[in-house]
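Colleague: Chain residues, written in single-letter form:
2 protein chains.
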Amino acid sequence: METGRCHEQEQVEVVGKAFVDHYYNLFDNDRSSLASLYQPTSMLTFEGQKIVGTGDISCKLNSLPFGNSKHTISTIDSQPSAYGGGIVVFVSGSLQLPGEEHQLRFSQMFHLIPTQDGSFFVQNDFFRLNYG
Amino acid sequence: METGRCHEQEQVEVVGKAFVDHYYNLFDNDRSSLASLYQPTSMLTFEGQKIVGTGDISCKLNSLPFGNSKHTISTIDSQPSAYGGGIVVFVSGSLQLPGEEHQLRFSQMFHLIPTQDGSFFVQNDFFRLNYG
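As given, the protein sequences belong to chains Y and V, one line each in that order. Heads up: the first sequence begins at 1 in full-length UniProt numbering, then just goes up one per residue. Heads up: the second sequence begins at 1 in full-length UniProt numbering, then just goes up one per residue.
Possibly wrong hints are sitting among the right ones.
Cross-link-like lysine-lysine pairs, in silico, DSBU-like; alpha carbons within 30 Å at most [unchecked claim]:
{"hint": "1", "chain 1": "V", "residue 1": "K17", "chain 2": "V", "residue 2": "K60"}
{"hint": "2", "chain 1": "Y", "residue 1": "K50", "chain 2": "V", "residue 2": "K70"}
{"hint": "3", "chain 1": "Y", "residue 1": "K17", "chain 2": "V", "residue 2": "K50"}
{"hint": "4", "chain 1": "V", "residue 1": "K60", "chain 2": "Y", "residue 2": "K17"}
{"hint": "5", "chain 1": "V", "residue 1": "K50", "chain 2": "V", "residue 2": "K17"}
To give an idea of the interface, some chain Y residues facing chain V are shown, with a C-beta separation under 7 Å as derived from the structure [claimed, not checked]:
{"hint": "6", "residue": "T45"}
{"hint": "7", "residue": "F46"}
{"hint": "8", "residue": "K60"}
{"hint": "9", "residue": "Q79"}
{"hint": "10", "residue": "A82"}
{"hint": "11", "residue": "F90"}
{"hint": "12", "residue": "S92"}
{"hint": "13", "residue": "L104"}
{"hint": "14", "residue": "S107"}
{"hint": "15", "residue": "Q123"}
What the hints contain is simulated information worked out from the structure, not anything from laboratory work. Values in this document were obtained by computation on a predicted structure and should not be read as measured data. Positions of the beta carbon are idealized from the N, C-alpha and C atoms, including for glycine.
Turn these sequences into a full structure, and let the hints guide you.
Modeller: In structure tokens:
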């Protein structure tokens, strides 16, 4: 791998990890703020249910039937996407819900698109629990 | 959802399912032909290992240390991507390997980009086994 591509890949991984840390920190501690990561074009498929746009996605995430959650991340894989400056992030981990003895395993994927202010928003989001 | 978007979503799901059927049929029955689904820009992250380009991806898939495999698909979620005409497909399922008593659970994600001949190729591919 030549230096330029190597550097690009490092940057992609740094952004992917920073996004994942930020996303699950908000999810577990300030879930209503997740809305700031989506835009009107954003799509979420949550356990097979399709939701489009900041408002409906935020509504879905905030109406999940549990208060406190704790995500533990196992793997983060990131690649540059075909969309200029975009990043695809693939996450696996486990989710501890209040009052539940066992953690739930999950996989989630984000397609991040750069914003004009140098940040990223989530264009595509897929969440699935992994049943053993 | 108005009619146009509803139709687009249906088309995206039809393409996503057709691709998934085709991909795992090739994987299980004619693995060397998977090369036809990738291009020089394609990226695969396989259990955390990053591989770029048709040749290296094909080499990786064909050198996996098992002959016959049988994938059973549990869920297919598809969304249009930000890249014109592209489709993001998120798959979960299980993998039966020869001589193994238990199936392995996996998650895989494909970012499909349209080709000039009206087909699609895989630009981004992530594969992870799900450990329980």
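Colleague: Sort out which numbered hints this structure fails and list those numbers smallest first.
Modeller: Per hint list: 7, 8 and 13 violated.
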